[in-house]
Amino acid sequence: MASGLPGLPGLLVIGGGISGLSASLEAAETGNEVYLVEREPYLGGRVAGMNRYFPKLCSPQCGLEINFRRLRQNKALRVFTLAEVEKVEGQAGDFTVTVRLNPRYVNDRCTACGECVPACPVERRNARNYGMDTTRAVYLPGEVAEPFRYTIDPLACEGAKCGRCVEVCRYGAIDLEMASSTVTLRVGRIVLATGWRPYDPALISTLEFGHFPDIVTNVMMERLAADGGPTGGELRRPSDGQPAKRVAFVQCAGSRDQNHLAYCSGVCCLASLKQATYVLERYPDASVHIFFIDIRTPGGFEIFYQRLQADPRIKFVKGKVARVLQEPGGDLMVEAEDLLAGRMFRLPVDLLVLATGMVPEAMPLPPGIKIPRDPYGFAVPSPGIWPVGLAKRPMDVQSCVRDATGGILKAIGGEG
Amino acid sequence: MKPPLFLCSGCGIGETLDLAALGEAMEREFATPAKIHPFLCGPEGRAMIEAESASAECPVVLGACSPRVNADRFPANPFAPERVNLREQVAWCQEPGAAETQAQAADYLRMGMARAAKRELPVPVETAMERTILVVGGGVTGLNAALEAARVGYPVILLEKEERLGGLARRMHRLAPRVAPYRDLEEPSIAKTVALVEANPSIRVLTSTQIESTAGEPGAFQVRTTGVGGNQEFTVGAIILATGWQPYDVTRLPKLGYGAANVITSLTLEEMAAQGRILRPSDGAKPRSVLFVLCAGSRDPEHLAHCSTVCCATSLKQGLYIREQLPDAAVYLIYRDMRTPAQGEDFYRRVQEEETIFLTRGQVTAVREIDDGDLSVTVVSSLLGEKVELTAQMVVLATGLVPAAGDVLHLKYRQGPQMPELKSGFPDSNYLCFPYETRRTGIYAAGTVRQPMDSVGCVEDAAGAVLKAIQSVTLIGQGRAVHPRVGDASFPRFFLQNCTQCKRCTEECPFGALDEDEKGTPKLNVNRCRRCGTCMGACPVRIISFADYNVDQLSAMVKKVSMPQKDDDLRILAFVCENDAYPAWDMAGLRRLRQDPGIRVIPLRCLGSFNVVLLADALSRGIDGVILMGCQSGDDYQCHFMVGSELANRRLENVKETLERLMLERERVELVNVGIGDGGRIAEITQQFAAKLRQLGPNPYRGL
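Respectively, the protein sequence lines represent chains A and B.
1 is the number of the first residue of the first sequence in my numbering; add one for each residue after it.
1 is the number of the first residue of the second sequence in my numbering; add one for each residue after it.
Don't take each hint at face value.
[Unchecked claim] For the chain A half of the interface with chain B, some residues (derived, Cβ under 8 angstroms), not all of them:
id	residue
1	T30
2	I66
3	C157
4	C162
5	R170
6	R296
7	L340
8	R343
9	K370
10	D374
11	Q398
12	G406
13	L409
14	G414
[Claimed, not checked] Now the stretches of chain A that chain B is said to cover, found in silico as 3 or more residues with beta-carbon under 8 angstroms:
id	stretch
15	50-60
16	140-152
17	243-250
18	276-287
Simulated from the structure, these hints should not be mistaken for laboratory data.
Every residue gets a Cβ at the ideal spot worked out from N, C-alpha and C, and that includes glycine.
Model the full assembly from the supplied sequences, consistent with the hints where possible.
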């Protein structure tokens, strides 16, 4: 494929979530030289933490498995995990990029046997499970992690003074002295696939997140429902471990609200519909309430919505949750309005799920990247730098892949 | 051929198995010494393998970890090594030191040796590819697709059935905002895009032209067209279907008042506004009130079950320009849910600022003509009350979007002339992770024909489809498969002398890769093939094979399974999909979940490639039961070859006869849906199956 602009052929993709991964693979399979830089020790980003995708309720691991196989066999693609872009110099067609490679403390001799884990004395907060459980300081980042290799959290690890993992590893795979290093890449184009993070629910004071343990966010709900999650897929009240059979969802928790996120996050309605199916699958006698402003299920997703509307166990209530209280017995009590019935009502629930929105990942961009952003922080294309997926606007997984695929052509073709 | 054999004693394998004994047993049977190393994927182990693989005429066999991991550590020149999964699927899920554990490992090694011996190196069939891309449809998507392809150096032929380019976008008066601050209406830009296309020397535009037939395959599609300039014939490398949408047939909506003089559609309003004459058709007067009915036909299983996605923003836009052209008119907008995703919310908020635009949630159930051409509108479930009547001087039906799909390409494929469509009527991919996964290789749908989307989405989609089109021409030209078996150089070979012309392969190929001659003999279009092996599974006379994957090879593996010593011990064959079920097995191992040691897992490219002769092979040898694990079928199918589990299931229905002939119970064969996330369920599934087999008792053929 010829570039529309003169310059270096290489392509740098920043971010290894579903957008960056797809962009890298599509570009490499079309014969381009690609460098993929990911900050975390694994690829897959946010989708690697999803239990299922809407509307097919299939596992995200299925697509990741295919993508990782594509990646492993492609020689045109070089992946750097635990890597951050430190500096970008030059201009469209000729960028010199400095990438910092943070130490993994586990080298490529690791076989993923897992012997190091029981030896490690330190527990750390598991950020992938939003702090709902812990791992040891040495851990495998996921069951289909790519690369399939252990990693050590330097903030938790006690380092050489402990060194028990080093002793038990038969393969000499652990190097607690590993230092960071840098590599310099020369590329013609940059694809920005920096993704999103969930909006901080603590900022929505009326919803009492952090005050009552049985209030969780939608991303936490994904982990609670996941087979490999902190509860092994059991849906239980975090407060006392009782089955979560009465579940309510608060839509637009932060989104469509000028005090928080003025835009619509685009996926939260579908995420809650999907999560309603988790509850009903686990507990057929459960009841679900969804408090919404508008249910937004575009295109064929509407058919999924219609299927759930036909289920009498799910009640859709147009209205806002005004207050959340805790009853003396420990139950949560939701005070909400039902706009269509014109009344306020109270509802006891076991679990309250906040459908928090998506914020463009506010990764401080390295010096040298000058990219215009809209008032919300979403990136706008600029010469040589093409944003894709969530870096650009809220969108679902399918749209991210579409955008990543097309974004490659836009970047190579010289638009922007 | 004697494949060199290496065994790894690391990661718990050496503690679970007596590798020395295994090595000796293999040497006795295959006359090739096994080399044991405690760290086979380490530099020393690798060097040891490398030294032997360079001279080997077949793959080396590695008894170590799962083929899914550490692939980059082992040399693959020219053959990828045959990986026998002694770690995840034996050492990590079986009782250490047990005789049955040892027997399982021995069988897996024997099966691996048999498979390696029957793996030939696929030789890619390279073809000279025509690079021209055909874009069908000259609307927003098609125009952008043409420009994108031309920009990266690919010639384009752009077909449009109308006289002029631009499609429905040409009829738009204004556009909803696409850039920050997402408040102001935009001037249409379609004329500019058309001019760019018409001025581009790499794009050949054929207007007033339609396709008569499309034959051939990627790299060499022969397209015949008919149009004002007469018939034409040309060859293209790949095709983008960008035929766009049509408004839903509004005559089917008499309940919503269509037929009354002052009930119009969104598109008619757009044309009126473009002429600056928003007037009532009945009397030519300026309407004092205009009411928009959203979801006119959409979100209604009796009409269009889907949401048309763009009507909310379109109606908001129209409300705003009515406000400009008719400042005194009241505008009512009755919506079911206001759908303005992402930054579209800013535009919604902008329209809410207008005092004369009333936005109300509700559902319009009836529109009736009353005096003077005015209309009475019944609205239910609104915030105004359970049921209210509103009066308007003009009603606009925001009619939904219907894909302009169907018989456009007139494909000369044995499986029919059109792109396969989903239940919704859109020729879309069924995969969230792979929106361009198509059932007609080299042909990609884009824009509103694929799914409802706005013009921003169409531009993105056009670029995505062009990239996939270029990719298909690039990969296929090298003799390699496109998604999902990207890079696979193997292809099905037909030993046609023995073909019985039963047509099963040509009927079942999920990609329409096989055509037939008059007698019904299959004719492979190799560039359409995606290497799933469905044809190989379908063939009753086993004449279809791949160089590195075939029934003979699988059958040889089945024959390597040993029979147990004790009546209580079972032999169960599990044929599993390599993309979903196989990783699920690995995950069960990773969690150290105990499995029945009588299981022997054989990965398949897809359950669609499962040939039922393997059942007879297995059961007549004394295997107690066969379980197939594949992806979900039905409307929400997961199979990346669409119909793998479904076909396997159908084939199993037909094996009753085989079982009856062998006087065996139907329960000895089972198919279950297993997804990649089902690692936690695998043990339970196999235990249940094993319990059932124990009740039936050992296969009477055991030991015969």
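Find the hints from earlier in the document that the structure breaks and name them by number, from lowest to highest. Of the numbered hints given earlier, those the structure breaks are 3, 4, 8, 9, 17, 18, listed in rising order.
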